[in-house]
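Visitor: Input sequences plus hints: build the corresponding full structure.
Note that the protein sequences, when read in sequence, are chains A and B.
In terms of the numbering used here, the first sequence has 265 at position 265, counting the first letter as 1, and numbering is strictly consecutive.
In terms of the numbering used here, the second sequence has 113 at position 113, counting the first letter as 1, and numbering is strictly consecutive.
No wet-lab data here; the hints were simulated from the structure.
Please read all numbers here as calculations on a predicted model, not as lab measurements.
Glycine residues also receive a C-beta, built at the ideal position from the N, C-alpha and C atoms.
Keep in mind that a hint or two might mislead.
[To be verified] Estimated spans, in silico, between C-beta atoms of each pair: (1) A:Glu178 - B:Ile117: 35 to 45 Å; (2) A:Lys338 - B:Leu53: 20 to 30 Å; (3) B:Ala102 - A:Gln101: 41 to 51 Å; (4) A:Glu76 - B:Ile143: 49 to 59 Å; (5) A:Gly194 - B:Val136: 20 to 30 Å.
[Said to hold, decoys possible] Computed list of lysine to aspartate or glutamate pairs in DMTMM-like fashion (alpha-carbon distance at most 25 Å, straight line): (6) A:Lys77 - A:Glu313; (7) A:Lys77 - A:Glu304; (8) A:Lys371 - B:Asp67; (9) A:Lys98 - B:Asp67; (10) A:Lys371 - B:Asp47; (11) A:Lys371 - A:Asp228; (12) A:Lys378 - B:Glu58; (13) A:Lys378 - B:Glu184; (14) B:Lys74 - A:Asp346; (15) A:Lys371 - B:Asp54; (16) A:Lys98 - B:Glu145; (17) A:Lys180 - A:Asp346; (18) A:Lys295 - B:Glu58; (19) A:Lys193 - B:Asp144; (20) A:Lys378 - B:Glu153; (21) A:Lys172 - B:Glu153; (22) A:Lys378 - B:Asp62.
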Amino acid sequence: MDNTKRYGRLLERYRNGDMERRKFLGLIGAAGLAYGVQTPFAKFAHAQDVKEVRFDGWGGVVSEAFREYAFDPFTEKTGVTVVDGTFGGGDEYLSRVKASQPGEYNIAHLSGVFDYARYHGLGLTSELNEDNIPNLQYVIPKLNDVFRKITDGKLSCVPYDYGTTGLAYNRKHISDEEMKEKGAKILIDDAYKGKIGGWADWRTRMWYAALQTGQDPNGATDVDAMWDAVRAHRDLALKYWTSGAELMSLLAEEEIYVTEGWSGRIYALQEQGHDIGYMDPPNGFGWQECLFVIKGSPMEACEELLNFMLAPETSIAVAEGQNYPPALDPTKVDLGDKIPTLPAFDPTGTLSGLTFADPEYWNGHEADWSKMFGRVQKGY
Amino acid sequence: MSVESREARQPWILLSPALTAIILLLFVPLGFIVVYSFWLRTATGADQAGFFLDNWQEALTDSFYRDILLNTLKIAGITTIVCALMGYPAAYFIARSRGNKAILLLLLMLPFWISYIIRTMSWINILGVSGALNSVLIGVGIIDEPIQMLYNETTVILGLVHFLLPFMILNVFVSLDGIDETLEDAANSLGATRWQAFTEVTLPLSLPGLAAGGLLCFVLGAGTYITPLVLGGPTDAMFANLVFEAIITQLNWPLGSALSLMLLAVLGALVLIYNRYLGMAQLMKGLG
Numbered sequence: 001m002d003n004t005k006r007y008g009r010l011l012e013r014y015r016n017g018d019m020e021r022r023k024f025l026g027l028i029g030a031a032g033l034a035y036g037v038q039t040p041f042a043k044f045a046h047a048q049d050v051k052e053v054r055f056d057g058w059g060g061v062v063s064e065a066f067r068e069y070a071f072d073p074f075t076e077k078t079g080v081t082v083v084d085g086t087f088g089g090g091d092e093y094l095s096r097v098k099a100s101q102p103g104e105y106n107i108a109h110l111s112g113v114f115d116y117a118r119y120h121g122l123g124l125t126s127e128l129n130e131d132n133i134p135n136l137q138y139v140i141p142k143l144n145d146v147f148r149k150i151t152d153g154k155l156s157c158v159p160y161d162y163g164t165t166g167l168a169y170n171r172k173h174i175s176d177e178e179m180k181e182k183g184a185k186i187l188i189d190d191a192y193k194g195k196i197g198g199w200a201d202w203r204t205r206m207w208y209a210a211l212q213t214g215q216d217p218n219g220a221t222d223v224d225a226m227w228d229a230v231r232a233h234r235d236l237a238l239k240y241w242t243s244g245a246e247l248m249s250l251l252a253e254e255e256i257y258v259t260e261g262w263s264g265r266i267y268a269l270q271e272q273g274h275d276i277g278y279m280d281p282p283n284g285f286g287w288q289e290c291l292f293v294i295k296g297s298p299m300e301a302c303e304e305l306l307n308f309m310l311a312p313e314t315s316i317a318v319a320e321g322q323n324y325p326p327a328l329d330p331t332k333v334d335l336g337d338k339i340p341t342l343p344a345f346d347p348t349g350t351l352s353g354l355t356f357a358d359p360e361y362w363n364g365h366e367a368d369w370s371k372m373f374g375r376v377q378k379g380y
Numbered sequence: 001m002s003v004e005s006r007e008a009r010q011p012w013i014l015l016s017p018a019l020t021a022i023i024l025l026l027f028v029p030l031g032f033i034v035v036y037s038f039w040l041r042t043a044t045g046a047d048q049a050g051f052f053l054d055n056w057q058e059a060l061t062d063s064f065y066r067d068i069l070l071n072t073l074k075i076a077g078i079t080t081i082v083c084a085l086m087g088y089p090a091a092y093f094i095a096r097s098r099g100n101k102a103i104l105l106l107l108l109m110l111p112f113w114i115s116y117i118i119r120t121m122s123w124i125n126i127l128g129v130s131g132a133l134n135s136v137l138i139g140v141g142i143i144d145e146p147i148q149m150l151y152n153e154t155t156v157i158l159g160l161v162h163f164l165l166p167f168m169i170l171n172v173f174v175s176l177d178g179i180d181e182t183l184e185d186a187a188n189s190l191g192a193t194r195w196q197a198f199t200e201v202t203l204p205l206s207l208p209g210l211a212a213g214g215l216l217c218f219v220l221g222a223g224t225y226i227t228p229l230v231l232g233g234p235t236d237a238m239f240a241n242l243v244f245e246a247i248i249t250q251l252n253w254p255l256g257s258a259l260s261l262m263l264l265a266v267l268g269a270l271v272l273i274y275n276r277y278l279g280m281a282q283l284m285k286g287l288g
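Guide: Following this line, the structure appears as structure tokens:
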């Protein structure tokens with residue numbers, strides 16, 4: 001009920017004789033006083049008067065690309081400042097969001113549909129008005145569909161890019177032929193003890209454990225064998241890395257010769273001149289990233305930013321900067337020269353060559369496996 | 001109001017800002033953590049309010065947590081001993097130096113101007129495969145291949161010593177600085193050698209400082225999280241890393257709360273034992 005209606009009812013009661021004149025005037029006066037008191041603070045609640053939107057992403061070359069090709073031009077165009085923060089992993093960020101007040105965090109560069117489903121499970125999804133994001137038409141339909149399935153046909157995010165977590169190796173020490181021959185099993189090869197790395201992420205560890213034990217990553221049945229593979233990797237690994245920057249440093253400094261790695265980061269290393277090879281083994285870990293709007297955010301400003309970021313010229317520039325193919329459909333948009341050379345790029349726009357994590361399967365094991373990995377990681 | 005009652009109230013009035021801050025910033029959050037420790041994490045990651053003993057039961061009976069806690073106490077203990085062995089001579093040197101004491105103390109404080117994380121990460125550039133030490137050893141022909149020195153328990157202890165040594169030196173220095181130097185001269189004049197004068201006079205008198213430094217190093221070392229993360233290998237986790245994982249990775253705030261209270265209780269017990277036998281006065285001097 002809005003205030004006009006409240007005043008109307010009050011007036012009606014007074015006119016009907018249900019209220020004394022003194023009481024009626026007293027209530028009107030109190031309402032006026034209350035309005036006067038709240039007015040200086042009301043500006044903080046005006047959704048339309050947004051001057052700032054917070055964006056959180058993965059840091060490093062990814063954040064640099066967002067800042068240079070998307071946020072700064074957006075601020076120049078609209079006057080809305082984009083404050084960008086970073087996180088080392090989706091779990092860490094979710095914990096921060098859980099501890100925050102509504103509206104404190106606005107847009108996040110989330111990885112994987114399983115993350116989207118977790119946010120939805122925690123009641124953190126918003127509802128985008130797709131009319132305000134006309135550039136959504138350029139996005140590969142398959143990428144939108146998986147998100148819609150989780151949120152009853154609505155969207156709380158827009159797909160933005162995709163990539164793989166494949167095998168990265170130092171060509172000075174490991175040949176392309178050896179990689180092809182050993183595939184994911186090279187991560188549990190005794191010959192490279194002390195020169196193997198791995199992401200300290202339970203999903204990635206279990207995904208690769210499934211590959212190493214010859215199982216389907218989205219439907220493994222011999223979980224004990226997978227844990228044995230995780231333990232074998234742990235015993236041979238020099239270090240679990242916890243961020244893209246650490247991954248790049250370990251490979252570039254030759255502390256490790258082989259690890260699984262994020263396709264875009266490895267491409268960045270190659271661009272810097274390091275002789276690092278990259279391959280996606282069969283059933284390699286594919287993922288799609290999205291720009292997720294968190295419940296309580298200023299929706300119109302966020303939608304305007306998302307539309308700006310999905311515009312082909314922005315999206316392509318960001319993709320070239322961060323080295324991950326954009327979510328734009330290559331059959332609808334000309335993606336230029338560099339993007340087709342990026343790892344994981346699918347010229348057909350169907351993404352049929354990539355294996356994505358089944359959110360139901362992985363989130364169903366999240367509580368047990370993340371806890372178990374914490375133990376296995378420490379020698380148990 | 002009588003003069004006595006006004007005088008009795010004055011300290012409380014003066015202390016009230018600090019007490020308010022301590023209550024709001026320490027005890028209230030601690031209260032939240034206590035309440036959280038009795039909640040449960042649901043399958044979606046949301047918390048279920050209530051009074052459940054599951055987290056406490058798990059934290060207290062699971063050998064995994066006990067083993068990591070014991071390992072944490074072991075690492076903190078070794079670090080404290082190394083800090084004491086390295087810190088005492090340095091503190092003695094500063095306390096007995098003439099004229100340049102202020103400069104030496106300033107040099108001791110210099111590392112605090114640099115972020116603890118940066119200081120910890122600097123070891124990667126020193127001990128890494130392509131780091132300074134390996135480059136020098138290869139350069140002078142002592143080794144042909146770089147030695148793998150990083151990411152093990154030794155480097156975790158090294159990083160902790162690097163972080164905590166100034167705390168030890170400061171505490172011992174404060175203690176040594178307060179000892180009358182003529183006592184050593186008196187011992188010498190009575191026939192004691194310099195070594196005997198040190199072991200029979202100076203060392204016993206400086207023990208409270210050593211104990212205060214030891215307590216600080218131990219408590220800070222046992223609660224550390226960054227050092228094992230940056231310099232440790234896959235199995236070199238400490239108890240604070242378990243708290244981090246429970247809260248951040250597993251989104252299990254209730255279990256993380258129980259674990260953090262467990263660590264707090266163990267370290268709090270140590271502080272209480274210290275206070276019972278040695279008192280907190282020396283520690284305050286060292287921190288001041």
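Visitor: Check whether the Cα positions of A:Lys378 and B:Glu58 lie no farther apart than 25 Å.
Guide: Cα-Cα ~17 Å, so holds.
Visitor: Hint check: A:Lys172 vs B:Glu153, CA-CA at most 25 Å. Holds or violated?
Guide: violated (29 Å)
Visitor: Need the status of pair A:Lys371, B:Asp47: alpha-carbon distance at most 25 Å?
Guide: holds (16 Å)
Visitor: Taking 20 to 30 Å as the hint, is the beta-carbon distance of A:Gly194 and B:Val136 inside that range?
Guide: Once the Cβ atoms are compared, 22 Å apart, the range 20 to 30 Å for B:Val136 and A:Gly194 holds.
Visitor: Please work out if A:Lys180 and A:Asp346 have their alpha carbons no farther apart than 25 Å.
Guide: holds (21 Å)
Visitor: Below or equal to 25 Å on CA atoms is what counts here, so check A:Lys371 against A:Asp228.
Guide: This hinted pair holds, its Cα atoms lying about 16 Å apart.
Visitor: 41 to 51 Å was suggested as the range; check whether the CB atoms of B:Ala102 and A:Gln101 agree with it.
Guide: Between B:Ala102 and A:Gln101, where Cβ atoms are some 47 Å apart, the hint holds.
Visitor: Check the following: the C-beta atoms of A:Glu76 and B:Ile143 are separated by a distance inside 49 to 59 Å.
Guide: holds (55 Å)
Visitor: For the pair we were handed, A:Lys371 and B:Asp67, check the Cα-Cα distance against 25 Å.
Guide: holds (16 Å)
Visitor: Would the pair A:Lys98 and B:Glu145 pass a check requiring their Cα atoms to be no farther apart than 25 Å?
Guide: It is violated: about 48 Å lies between the C-alpha atoms, which goes past 25 Å.
Visitor: What's the verdict on A:Lys193 and B:Asp144, does the C-alpha distance respect the 25 Å limit or exceed it?
Guide: Given that 25 Å is the threshold and the Cα spacing comes to 19 Å, the pair holds.
Visitor: Does the Cβ-Cβ separation between A:Glu178 and B:Ile117 fall within 35 to 45 Å?
Guide: holds (37 Å)
Hints 2, 9, 13, 14, 16, 18, 21, counting from the list given before, are not met by this structure.
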